[in-house]
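Protein chains in written order, with my numbering: chain A, 988 to 1255; chain B, 988 to 1255.
You can trust all of the hints, since none of them are fake.
Identical copies look the same in the list; a pair holds intra-copy or inter-copy alike.
The list that follows gives simulated cross-link-like pairs (lysine-lysine, DSBU-like), each with its CA atoms no further than 30 Å apart:
id : residue 1 : residue 2
1  : K1233     : K1009
2  : K1043     : K1233
3  : K999      : K1009
4  : K1009     : K1117
5  : K1117     : K999
6  : K1043     : K1009
7  : K1043     : K1072
8  : K1072     : K992
9  : K1009     : K992
10 : K1140     : K1212
Hints in this document: simulated from the structure, not taken from any laboratory. All figures in this text were calculated on a predicted structure; none of them were measured in a lab.
2 protein chains.
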Amino acid sequence: MLLPKKGRYTFKVEQYQCNVRKMLRFSFLVNMMLSSADYHSSERGFGTDYLNAHGKTWVLSRLAVEMMRIPSRHEIIAVETWVEKVHPLFTNRNFRMTVDSTGEVLGWGRSVWAMIDTTTRHPENLLEVKNGTIMEFVVEPDSPDFLEVPISKPVRVQMEDISMAREVPTFFSDVDFNGHINSMRYVDHILDTFPLSWHRENNIRRLDIAYVAEGRPEIPIRIYKNVLQENPEDNSTDYGFKIHQKLPENQEETEACRLRLRTIPLIP
Amino acid sequence: MLLPKKGRYTFKVEQYQCNVRKMLRFSFLVNMMLSSADYHSSERGFGTDYLNAHGKTWVLSRLAVEMMRIPSRHEIIAVETWVEKVHPLFTNRNFRMTVDSTGEVLGWGRSVWAMIDTTTRHPENLLEVKNGTIMEFVVEPDSPDFLEVPISKPVRVQMEDISMAREVPTFFSDVDFNGHINSMRYVDHILDTFPLSWHRENNIRRLDIAYVAEGRPEIPIRIYKNVLQENPEDNSTDYGFKIHQKLPENQEETEACRLRLRTIPLIP
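Let's have the full structure, built from the sequences with the hints guiding it.
The following block contains the structure:
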């Protein structure tokens, strides 16, 4: 059976995934997107199970998510995901989030992935893996499945004058199936730099993540935070975050990832 | 339409819900059980949406989960849940976890819930809410749906000689839709007192939680931990945990909950 190029996966917004405003927490939204990417690639023979058995794995390099509306408790959302383009050393994967029953578009995502050799950590040529059959799943612009993604590409923010917001120890619950710091926990940790009162009065409009190096477990992360700019046209604020770890072997601060958060106050 | 007394809800074990051994993290398992309780009660007219609109809410008082096997990445599990008994001031809800496709029994759960008035925080008489119609959903021992739950009731451990393992600040990501510390985060926090190396070599067999008072956000929790006993018959170890908060208004340590964890080494 030839699978359709696009995947579509539904998720119910569970009560215990919600914040104090009974809306889906952004870390769980990112989680649903990454799980959809996992299902889509696994079903098509390019999942981490297959790759790990062949000494390779996917590495998420960049991610951008932009939401018009954050879904609420008990809503069922559909995450559509597809491959936009395959380059030798990376691939572009897109996302659309809708309400399952009505098709209301909630938001969009763009991501960039590399494939690496798990021993050497060197990138693989995607066109050589499985004889380049990944190309079969690219949704070309002339395909009836094609969707124009109306959000800009993931950014890697430039940050000057950074100051440390917080140092946070990392534990078992921060670690993912790969043995690295879980992507969704970075999102939690940067959102945790805002007090609960702020979360009651602000929505997240967009998140950009640029991964630099895998986070090492059981080493504290240092969160640097700054206001990047205020955007008068929609009253939004852009915050920049850099996540560092001080590695024990050389006591040097190493960057793990960089994030940008665009937020909008509920009452303008 | 008269709904069946028992509810059955399926969940796929997502990659990003897994620990470093590619098995479902216990906090997400508890999450799935509580979500199933939420769906079951909501569908039958006793969910938090209905109750909150009438100034009431459910409060989880005790929970016990015992697992023969922890499911792995990409397995689809079914959580069955039903009401075993309704007393005036509390109700017993049971759980069975199986593999969706094969019916393999993975584990069992028991829980005790109270209903409170959200203003006075006083318990409600469950037999008076909606004219006691909750009784319609009790699975009686003579029902064909009846399942004997082969695990003991949730315990509230007695702990002497406790010592503080860790003080942990609490942030936005620790807070649930009710504005209290999220039940699943307590599970994460106690599991985080074990190093990653321990998690690579031990399984969780059973967890008991007894809630004492709702955890207050943005106040650190103090985790007290002790070995309760070693069980030579299956080589398991019982750990006791008490979670306290030092409340700012009186600087007194107040107990939020008490947990017991039974663990088994992978290599006996």
